[in-house]
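*Asks:* Positions 1 to 60 (UniProt numbering) are the ones given, in order, by the sequence shown.
Among the hints, a few may not be true.
Per label pair, the in silico range of CB-to-CB distance [said to hold, decoys possible]:
1. P4 / N46: 36 to 44 Å
2. P4 / D40: 20 to 28 Å
3. E3 / N46: 37 to 45 Å
4. T14 / D40: 12 to 20 Å
5. L49 / A5: 32 to 40 Å
6. Y29 / L49: 30 to 38 Å
In short, the hints are calculated from the structure, not lab data. In this text, a Cβ means the ideal position worked out from N, Cα and C, and glycines have one as well.
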Amino acid sequence: MEEPAPAPEPRTYTVESGDTLWAIAERFYGDGNQYQKIADASGIANPDLIQPGQVLTIPE
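Start from the sequences and build out the full structure, keeping to the hints where you can.
*Replies:* As structure tokens, this is what we get:
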């Protein structure tokens with residue numbers, strides 16, 4: 001009997017100085033409009049307030 005494949009670990013990204021959620025969404029999804037997916041997955045209430053060193057969850 002085959003074991004079910006483990007769930008993939010979610011990708012993460014550490015915010016660097018000058019980053020915006022829009023730019024991070026463009027990097028991972030090719031579309032800055034997807035920034036809300038990252039904000040929701042990372043528990044960010046205000047997408048305009050991210051800090052260098054903050055670790056974001058990047059959902060599939």
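*Asks:* Take the hints in turn and mark each one as holding or not.
*Replies:* Okay, the hints, checked on the actual structure:
1. P4 / N46: 36 to 44 Å: The hint (36 to 44 Å, Cβ to Cβ) holds, given that P4 and N46 are roughly 38 Å apart.
2. P4 / D40: 20 to 28 Å: holds (26 Å)
3. E3 / N46: 37 to 45 Å: Hint holds: Cβ distance 41 Å, inside 37 to 45 Å.
4. T14 / D40: 12 to 20 Å: holds (18 Å)
5. L49 / A5: 32 to 40 Å: The hint (32 to 40 Å, Cβ to Cβ) holds, given that L49 and A5 are roughly 36 Å apart.
6. Y29 / L49: 30 to 38 Å: Given a distance of about 21 Å, which is not inside 30 to 38 Å, the answer is violated.
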